[in-house]
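Enquirer: Sequence:
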Amino acid sequence: MLMKINGLIIRVVAIVLCFFYANLKAQSLYELPTDVNTRWISFENPTGGKGAGAMQNKGAKGNASQWVKAGESKVLMDYNGAGVINRIWMTIIDRNPKALRAIHLDMYWEGSTKPAVSVPLGDFFGIGLGRMAAFQSALFTDPEGKSFNCYIPMPFRKHAKIVFVNESQQNQLLFYDVNISKLAKPTNNIAYFHAYWSNNDGAKLGEDFEILPRVKGKGRFLGTNLSVIADKVYGDTWFGEGEVKTYLDGDTNYPTLAGSGTEDYIGSAWNLGAFNQLYQGAPIVDKQKKQYAFYRYHIPDPIYFHTDCRVTIQQMGGAGRDLIRGIIKAGGKAKPISVMTAKGLIKLQELKDYPDLFDDKFPADEWVNFYRIDDYSATAYFYLDKPVSNLPALAPLEKRLKGL
Numbered sequence: 008m009l010m011k012i013n014g015l016i017i018r019v020v021a022i023v024l025c026f027f028y029a030n031l032k033a034q035s036l037y038e039l040p041t042d043v044n045t046r047w048i049s050f051e052n053p054t055g056g057k058g059a060g061a062m063q064n065k066g067a068k069g070n071a072s073q074w075v076k077a078g079e080s081k082v083l084m085d086y087n088g089a090g091v092i093n094r095i096w097m098t099i100i101d102r103n104p105k106a107l108r109a110i111h112l113d114m115y116w117e118g119s120t121k122p123a124v125s126v127p128l129g130d131f132f133g134i135g136l137g138r139m140a141a142f143q144s145a146l147f148t149d150p151e152g153k154s155f156n157c158y159i160p161m162p163f164r165k166h167a168k169i170v171f172v173n174e175s176q177q178n179q180l181l182f183y184d185v186n187i188s189k190l191a192k193p194t195n196n197i198a199y200f201h202a203y204w205s206n207n208d209g210a211k212l213g214e215d216f217e218i219l220p221r222v223k224g225k226g227r228f229l230g231t232n233l234s235v236i237a238d239k240v241y242g243d244t245w246f247g248e249g250e251v252k253t254y255l256d257g258d259t260n261y262p263t264l265a266g267s268g269t270e271d272y273i274g275s276a277w278n279l280g281a282f283n284q285l286y287q288g289a290p291i292v293d294k295q296k297k298q299y300a301f302y303r304y305h306i307p308d309p310i311y312f313h314t315d316c317r318v319t320i321q322q323m324g325g326a327g328r329d330l331i332r333g334i335i336k337a338g339g340k341a342k343p344i345s346v347m348t349a350k351g352l353i354k355l356q357e358l359k360d361y362p363d364l365f366d367d368k369f370p371a372d373e374w375v376n377f378y379r380i381d382d383y384s385a386t387a388y389f390y391l392d393k394p395v396s397n398l399p400a401l402a403p404l405e406k407r408l409k410g411l
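Residues are numbered in the working numbering as their position in the sequence shown, beginning at 1, plus a constant of 7.
Quick caveat, the hints were computed from the structure, so don't treat them as lab data.
Using N, Cα and C, we set each Cβ at its ideal position, and we do this for glycine too.
Worth double-checking, as some hints may not be accurate.
[Claimed, not checked] Each computed BS3-like pair below joins lysine-lysine, with the alpha-carbon atoms no more than 27 Å apart:
| no. | residue 1 | residue 2 |
| --- | --- | --- |
| 1 | K105 | K409 |
| 2 | K393 | K105 |
| 3 | K296 | K153 |
| 4 | K192 | K57 |
| 5 | K168 | K189 |
| 6 | K297 | K239 |
| 7 | K223 | K393 |
| 8 | K57 | K165 |
[Unchecked claim] Label-pair distances were calculated between CB atoms; the ranges are:
| no. | residue 1 | residue 2 | range |
| --- | --- | --- | --- |
| 9 | E117 | G257 | 38 to 44 Å |
| 10 | R332 | K354 | 18 to 24 Å |
| 11 | L36 | G78 | 18 to 24 Å |
| 12 | K223 | A59 | 22 to 28 Å |
| 13 | G257 | A191 | 38 to 44 Å |
Could you build the full structure based on these sequences and the hints that come with them?
Expert: Here's what the structure looks like:
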């Protein structure tokens with residue numbers, strides 16, 4: 008009886024909370040602020056000026072798109088004043104993999120000369136690998152696999168600039184708009200949006216891949232989209248045993264936050280299939296091409312930092328003993344680090360006298376976690392209490408195209 012009463016109380020509380028949050032959301036829809044104005048910036052109104060939209064061709068769709076030549080940069084937004092970017096939409100005519108990695112978006116806040124965002128186009132909008140797929144998350148959407156949408160709020164106090172940089176070999180027909188809230192006065196104590204792209208070019212066996220190198224300041228880690236192209240030398244063995252680690256506020260050797268596996272981090276389990284949800288998903292699971300693209304956004308489960316933050320993932324997979332032996336014989340890099348048995352996990356890193364992998368005493372029918380090297384890339388999204396960060400510039404084109 009007591010259990011039934013407790014269950015009823017829990018359901019009632021849940022209903023009340025749902026009603027409360029639904030009502031709160033509804034209130035925000037019908038409240039009318041007096042100091043906020045809406046502006047859309049596009050080729051039809053590049054300044055976002057009042058009454059200055061669709062002026063060409065006597066208002067009959069005179070400047071919906073423009074060509075951006077190969078090697079050319081196009082300023083999409085150069086706005087003076089306080090505001091918040093609410094949504095960015097765009098599409099291009101040639102969406103091949105190399106173009107999506109070669110083109111990049113640069114975003115500057117408050118007149119800074121160093122961009123807070125400098126990320127390849129496809130990777131920025133939620134999927135790496137230079138591939139597109141229809142999906143929807145809380146931060147990014149691609150309704151039919153043909154366009155790019157971003158819904159991350161990006162506040163600024165006095166200036167915002169966005170540049171489309173075409174380092175591809177194709178001329179691109181570009182359509183876009185940036186939707187902003189124009190504020191009468193700057194908002195105090197804002198955090199600036201940043202995004203950082205990297206890959207594991209030159210990775211060493213046993214070395215964790217840095218999703219986000221140590222960034223200094225106060226802020227919030229929003230999450231990441233990750234891409235993996237599994238090396239063919241590993242065959243059909245599982246690549247995703249690596250744990251995501253988050254080092255916060257002075258952590259050095261060991262992180263404060265640690266996961267349990269790659270697919271675990273994005274809310275799945277026991278290998279990986281394609282799915283997409285608001286805060287986690289894997290839009291691309293192509294086992295034939297051995298390509299995987301997945302994401303996790305820390306919106307309901309925020310990750311705050313006060314002095315610094317670093318996020319990594321172990322480059323680790325799993326297989327049986329004989330498969331790993333075959334990988335090494337074929338020239339693949341592999342190092343066993345643990346063996347899962349019915350009696351528990353054998354931690355090879357802590358042992359001195361465990362048999363070598365090629366010793367017949369090494370268990371043959373057990374799951375072995377092992378270091379390996381595949382092609383990793385990632386885009387990290389975060390807010391910071393300053394318009395520029397200490398992170399390095401975007402990698403050169405040759406490095407960005409690695410693996411594609």
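Enquirer: Next, verify each hint and record whether it holds.
Expert: Hint by hint, here is what the structure shows:
no.: 1; hint: K105 x K409; result: holds (10 Å)
no.: 2; hint: K393 x K105; result: violated (32 Å)
no.: 3; hint: K296 x K153; result: holds (21 Å)
no.: 4; hint: K192 x K57; result: holds (17 Å)
no.: 5; hint: K168 x K189; result: holds (14 Å)
no.: 6; hint: K297 x K239; result: holds (8 Å)
no.: 7; hint: K223 x K393; result: holds (10 Å)
no.: 8; hint: K57 x K165; result: holds (18 Å)
no.: 9; hint: E117 x G257: 38 to 44 Å; result: violated (28 Å)
no.: 10; hint: R332 x K354: 18 to 24 Å; result: holds (21 Å)
no.: 11; hint: L36 x G78: 18 to 24 Å; result: violated (45 Å)
no.: 12; hint: K223 x A59: 22 to 28 Å; result: violated (41 Å)
no.: 13; hint: G257 x A191: 38 to 44 Å; result: holds (40 Å)
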